[in-house]
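Novice: Next come the chains, spelled out residue by residue.
Number of protein chains: 2
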Amino acid sequence: MVSVKEFQEIMRRIYFNKDSKRGAEDTHKWLEDEVKELGEALQNNDIKAIENEFADVFAWLTSLANVLEIDLERATLRKYENRCPKCGSSPCECPFRKRRVK
Amino acid sequence: MVSVKEFQEIMRRIYFNKDSKRGAEDTHKWLEDEVKELGEALQNNDIKAIENEFADVFAWLTSLANVLEIDLERATLRKYENRCPKCGSSPCECPFRKRRVK
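Here the protein sequences come in this chain order: A and B. If you're matching positions, the first sequence starts at 1 in the working numbering and goes up one per residue. If you're matching positions, the second sequence starts at 1 in the working numbering and goes up one per residue.
Just so you know, these hints were derived from the structure itself, not from any lab. Don't take every hint at face value.
[Unchecked claim] For lysine to any residue, the following SDA-like pairs were computed, each having C-alpha atoms within a straight-line distance of at most 25 Å:
{"id": "1", "chain 1": "A", "residue 1": "Lys36", "chain 2": "B", "residue 2": "Glu40"}
{"id": "2", "chain 1": "A", "residue 1": "Lys48", "chain 2": "A", "residue 2": "Met1"}
{"id": "3", "chain 1": "A", "residue 1": "Lys79", "chain 2": "A", "residue 2": "Cys94"}
{"id": "4", "chain 1": "B", "residue 1": "Lys18", "chain 2": "A", "residue 2": "Pro95"}
[To be verified] Here are some, though not all, of the chain A residues that point toward chain B, as calculated from beta-carbon distances under 7 Å:
{"id": "5", "residue": "Asn17"}
{"id": "6", "residue": "Arg22"}
{"id": "7", "residue": "Ala24"}
{"id": "8", "residue": "Phe54"}
{"id": "9", "residue": "Phe58"}
{"id": "10", "residue": "Lys79"}
{"id": "11", "residue": "Lys86"}
{"id": "12", "residue": "Gly88"}
Predicted model only: the values in this text are computed from it and were never measured. Note that beta-carbon positions come from the ideal geometry of N, C-alpha and C, so glycine has one too.
Same shape as in the complex, but just chain A (with noise of 0.2 Å):
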């Protein structure tokens, strides 16, 4: 088991020296990448480029975190603890939506 925030430290010794020279920016547009490149494996069906695709979305999640300094953990955990942040319940009770409506 790893918890969210040792995932973060282990990022941050591994990419830290590169992330930050890369900056905000350039790390997020990264991310963004990944985030599409997911979504192809997902087209294509490929469970291990899937695994694999998870994996680097969450990777470059926490790299930007390391960035900008921001604890992934305690803003996860800060809006989503045990319950839907906007009903209040769980399981969340807000009427169900398949798209997003801005």
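Starting from the known structure of chain A, fit chain B onto it as the hints suggest.
Specialist: Frame of chain A; chain B shown alone:
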């Protein structure tokens, strides 16, 4: 502290009913939108919005993993356990690249 696996389980309890109804393709679209919103928050340099969007991206990533029955923690540690999967070192010794080259 929360492990990656535990957080994925929390998301399952809160959202799996809706996530499974929505399906992988639309859940991935939602994840893409959240990554875009994180980029907008970065542009605006709004720290509260940035933290909020980090939480959302991670939440939607685990939602998508739940729909696909992927263990995000296992997939991630398999690829990134304590060293760069490309060069095998920590810190990573791969050549620095600012932008993605496919």
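Novice: Decide, hint by hint, whether the structure agrees.
Specialist: Hint check:
no.: 1; hint: Lys36(A) x Glu40(B); in the structure: holds (18 Å)
no.: 2; hint: Lys48(A) x Met1(A); in the structure: holds (21 Å)
no.: 3; hint: Lys79(A) x Cys94(A); in the structure: holds (16 Å)
no.: 4; hint: Lys18(B) x Pro95(A); in the structure: holds (9 Å)
no.: 5; hint: Asn17; in the structure: holds (6 Å)
no.: 6; hint: Arg22; in the structure: holds (5 Å)
no.: 7; hint: Ala24; in the structure: holds (6 Å)
no.: 8; hint: Phe54; in the structure: holds (5 Å)
no.: 9; hint: Phe58; in the structure: holds (5 Å)
no.: 10; hint: Lys79; in the structure: holds (4 Å)
no.: 11; hint: Lys86; in the structure: violated (10 Å)
no.: 12; hint: Gly88; in the structure: violated (11 Å)
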